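Trainee: Using the sequences and the hints given, assemble the complete structure.
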Amino acid sequence: MDNPLGSNSKPTVLLIASQMPQQELGLIAQLLQSQGFARQQPADPKAAPELVFATADNTNRVAIKFYQDIGALRLELNGDVAIKIGQALAQYMDPLTAERIGEYFQKSTSDMERRIYAILLVLTYPNATDAMKAITKTYFDEANDATREGVVQGLAFLETPDVGTQLEILERNYKDTP
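Numbering-wise (my numbering), the sequence shown opens with residue 1 and increments by one.
Derived from the structure by calculation, the hints contain no laboratory data. Don't take each hint at face value.
Listed below are the simulated DSS-like cross-link pairs for lysine-lysine, each with C-alpha atoms no more than 27 angstroms apart in a straight line [what the hints assert, rightly or not]:
#, residue 1, residue 2
1, K175, K133
2, K133, K107
3, K137, K175
4, K65, K84
5, K175, K65
Pairwise CB distance ranges (calculated) [to be verified]:
#, residue 1, residue 2, range
6, M112, R172, 42 to 50 angstroms
7, D145, K84, 28 to 36 angstroms
8, E113, Y174, 21 to 29 angstroms
9, A56, K137, 39 to 47 angstroms
Note that the coordinates shown come from a computational prediction; the quantities given were computed from them, not determined experimentally. Every residue gets a Cβ at the ideal spot worked out from N, C-alpha and C, and that includes glycine.
Mentor: Written out as structure tokens, the structure reads:
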């Protein structure tokens, strides 16, 4: 079995297929609070809603976003304790790793599936730069328009500070980018 937290570094990302987001968010919040995490205000209140939890010394942080359109929870884990909690959650929830999504993508039969898997794949990375380094060749250079659209949508969902730069690079290098 692959590592449920993937091979991504710098924060670590855990992407979970969500079927009951309210219950899952409640469970995660209770677990974090039981481990000494307290709810914080998000860094950018204008961005998509996220729940942020951190330890008192701020050495461990978990930011949680729910993507209703694609039915996924994304946990960005910073710090050793946060990563251990993410590993525990991955044993009980259904993590979507980059490797697993790649397998689903290879088996996909429709453009809609390819688009959704491309979006999910981007969300497994901590930022747009890391995502594009890892996926450009297979999921952009050698992909159809639906997959490219999914990559662009995934970048938009990601909302990290480097998204604009990556979109500019795509626009410059791929004149026919969707």
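Trainee: Against the earlier hints, flag every one the structure doesn't satisfy and list their numbers going up.
Mentor: 5, 6, 7
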